[in-house]
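There are 2 protein chains.
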Amino acid sequence: MPLPISPLAPARFPDLPPIAGVRVAGAACGLKRNGSHDLFLAALDPGTAAAGVLTRSLCSSAPVDWCRHALARGRARAVVVNSGNANAFTGKAGDTTVERTIAGAAELFDCAAEEVYIASTGVIGVPVPPDHIAGKLPALSKSLAAGSWPDAAAAIMTTDTFPKGATRTCTIDGVRVTLNGIAKGSGMIAPDMATMLSFIFTDAAIAAPALQKLMSAATDRSFNAITVDGDTSTSDTALIFATGRAGHEPIADHRDRRLGGFRKVLEDLLVDLAQQIVRDGEGARKFVSITVTGAASARAARRIGLTIGNSPLVKTAIAGEDANWGRIVMAVGKAGEKADRDKLSIAIGGVTITENGQIVPGYDETPVAAHMKGQDIDIQVDLGIGRGRATVWTCDLTHGYIDINADYRS
Amino acid sequence: MPLPISPLAPARFPDLPPIAGVRVAGAACGLKRNGSHDLFLAALDPGTAAAGVLTRSLCSSAPVDWCRHALARGRARAVVVNSGNANAFTGKAGDTTVERTIAGAAELFDCAAEEVYIASTGVIGVPVPPDHIAGKLPALSKSLAAGSWPDAAAAIMTTDTFPKGATRTCTIDGVRVTLNGIAKGSGMIAPDMATMLSFIFTDAAIAAPALQKLMSAATDRSFNAITVDGDTSTSDTALIFATGRAGHEPIADHRDRRLGGFRKVLEDLLVDLAQQIVRDGEGARKFVSITVTGAASARAARRIGLTIGNSPLVKTAIAGEDANWGRIVMAVGKAGEKADRDKLSIAIGGVTITENGQIVPGYDETPVAAHMKGQDIDIQVDLGIGRGRATVWTCDLTHGYIDINADYRS
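In the order they appear, the protein sequences are chains H and L. Sequential numbering from 23 applies to the first sequence in my numbering. Sequential numbering from 23 applies to the second sequence in my numbering.
What the hints contain is simulated information worked out from the structure, not anything from laboratory work. Here the structure is a predicted model, which is why all the values come from computation and not from measurement. Any given hint might turn out to be false.
Copies of the same chain are indistinguishable here, so a pair counts whether it falls within one copy or spans any two.
Said to hold, decoys possible - Think about it this way: if two alpha-carbon atoms lie no more than 20 Å apart in a straight line, the pair counts; the simulated EDC-like pairs of lysine to aspartate or glutamate are:
(1) Lys360 <-> Asp87
(2) Lys365 <-> Asp117
(3) Lys365 <-> Asp87
(4) Lys360 <-> Glu377
(5) Lys164 <-> Asp87
(6) Lys360 <-> Asp294
(7) Lys164 <-> Asp132
(8) Lys114 <-> Asp173
(9) Lys360 <-> Asp404
(10) Lys114 <-> Asp364
(11) Lys114 <-> Glu377
(12) Lys235 <-> Asp290
(13) Lys114 <-> Asp87
(14) Lys286 <-> Asp275
Pulled out of the complex, with its shape left as it was, chain H reads as follows (with noise of 0.2 Å):
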């Protein structure tokens, strides 16, 4: 039974450009019991750089252990992500299926194994017979295309109710660069997991060191920076490759100027997929920023806006409407950063409610209660005791959130 698109949805797929040196294709390869798109393979040309950032669970599922590897080299030539099936916690069985993948893969694009990436997300403990993937990608492989992202970013889908894709421009040195990505997020089926994929691609010439720090950066503004139900996969992993087909002088270093551009439009592109991504969170009715200042450091503010983010009891309320600070300020105090009661202000949809640890004189509910019934919550905290900040979006949680994860079963 597929789910309603989300009511957050954006209108439509975005228009996503060409990017030279890149060819994609998305096809059913027989792991979604549906026959829907569930294999994406991407063609890179030679010279691509890679970069990435992995799930931190200590359970981490067997392509994300050799992505790992294979970003040690940062070079890539092709990218195979299947859906469906997350070939995770599969023992030996599940590693012989990465191998055969990948040899599959290098063999196809005559390159080395350690230029394949590969990700899987779906069905845990089931094991993919070891040739499986590995015997669809001649057939697919002919279908790569430049074009080809709408089926890209189906193919990558779980849950997903709508696919996920954008796209900027930017320049480089005085020359036209373009970032494109897609990604998906944490729809769920029992016994699937919440797993979040993005891959990004880009004709910019960076090298991989470079193109990790600024992937590394950028990825903690923004898909570390959103949460649905505070759940860690197995298999998290965003991925960035740069062809380097732009046409402007290669940059080496992270911290050369003319990458400002380019660092701006990565961080607003993957701030743009993790909205997505909670725009999709499950059964969400509501898209909440949650903005805090004053905090001890960055780290801090991110840390605390996420607790606030991953808070139960702050969630429900916003499912409800309800204009409940003092589950904020619970939420405050039990994030572990610094903070004092006395001098902590809050604030829905621009109206002040507390200051210096007691509600504002005069407090009119009336307006906040109106900002709580609309689509788009704005909370803001400011803790009064340093220059730190950082910004969170998260998404209410609903009885769909418990439809979706306790009444369902595939």
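Based on these hints, arrange chain L on the given structure of chain H.
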């Protein structure tokens, strides 16, 4: 609108015997809008030792701050607890109310201010008139009695659906000693908070520093081993008072061998109360025991257990009666403690599902599915890397939780 009594509630409130040196009373003082009991008073004989564990929230309430101050002395003559108003985030006004309440009780019982303990639970951010509670104490003190435990337990409830009490006896040096405890849990109605309060009374003669060691250790394996939604209140308080009236020789060292029985029944009493709190978790329909063995340390085992018990994905799967062991793997992975995917073993209802990082050959879900339909769910996780073990308790995450926390509004 009163909530229906939890389906996991015990059949009845236990008979709590008198404890030499302790008199208690419960009554209505007008803080709860519906006029039910909201003020608990305990009078303790001179010479009573006090110890306790308080919330780690960095936005702790004024009453918590006072208890922290008073516990440094370790002596007690009176306990004043109100429900209906948490006196949290009430700024200087909140501090004044605490001061006046303490002063009123100290005058009534002719004791030092630091011999009075106070706790408050209920609405936050709404100041209580400074003399409101103090003004009710003289009348309430007239009804102090050795047997008023049901009134006492009722007076500290917020949206708990049943009063929580337990009693145990043991011997110290051949002398019979009694412990009574009452608690309130995490029932909440906006804008209330998930506050846990518990008060333990005993006639044992144990010096305050030793009592503190015993209480801290027992709390770690009881109140700190339960979770309903992972949220931490600004007001969590668990206090123990020892009147010394049982008649045995006073004990000053927590390592004293004569305390063996007391240590055991104290933990048992706190586990009983802690489990009652879980059984009254908002919307709870299933009581879940999670035992983690083979971890690197007991601390690691508890953290892994609580990460499983806090996972919305695990809790919704249990609500859906789905033996979704993949989500347990996910939670183990995100706990941040040492784990080896290929040594992890998971059993539900005593049936081993995974071993050596994969599903056991010929796994038959039938008996596990039957277990999931029951009211008591047992999850066992073995990490296979050490000797650390812990048991934690939680409940499922149901539509009832959303109803109580989103849809109800006081």
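Taking the hints in turn, this is what the structure says about them:
Taking CA atoms no more than 20 Å apart as the test, Lys360 paired with Asp87 passes between copies only; the shortest distance there is 16 Å, against 36 Å inside one copy. When the C-alpha separation of Lys365 and Asp117 is checked against a cutoff of 20 Å, the pair qualifies only between copies, where the shortest distance is 15 Å, while the shortest distance within a copy is 53 Å. In this assembly of identical chains, the alpha carbons of Lys365 and Asp87 lie at most 20 Å apart only when taken from different copies (16 Å versus 45 Å within one copy). Only within a single protomer do Lys360 and Glu377 lie at most 20 Å apart by alpha-carbon distance; the minimum there is 17 Å, versus 42 Å between protomers.
Proximity of Lys164 and Asp87 under a CA criterion of 20 Å is satisfied in neither setting, with 29 Å inside one chain copy and 70 Å between copies. With identical chains, the CA atoms of Lys360 and Asp294 are never at most 20 Å apart, being 30 Å at best within one copy and 34 Å at best between copies. In the homo-oligomer, the alpha carbons of Lys164 and Asp132 lie at most 20 Å apart inside one protomer (15 Å), although the nearest pairing across protomers, at 91 Å, exceeds that limit. Taking the shortest alpha-carbon separations for Lys114 and Asp173, neither the intra-copy value of 31 Å nor the inter-copy value of 60 Å comes in at or below 20 Å.
Proximity of Lys360 and Asp404 under a CA criterion of 20 Å is satisfied intra-copy only: 12 Å inside one chain copy versus 36 Å between copies. In this assembly of identical chains, the alpha carbons of Lys114 and Asp364 lie at most 20 Å apart only when taken from different copies (9 Å versus 55 Å within one copy). Taking identical chains as interchangeable, the C-alpha atoms of Lys114 and Glu377 lie at most 20 Å apart only when they sit on different chains, with a minimum of 12 Å there against 57 Å within one chain. Within a single copy, Lys235 and Asp290 get their C-alpha atoms as close as 16 Å, which meets the 20 Å cut-off; across copies the closest is 52 Å, which misses it.
In this assembly of identical chains, the alpha carbons of Lys114 and Asp87 lie at most 20 Å apart only when taken from the same copy (13 Å versus 54 Å across copies). For the identical chains of this complex, Lys286 and Asp275 are intra-copy neighbours only, at 16 Å inside a copy versus 62 Å across copies, given an alpha-carbon limit of 20 Å.
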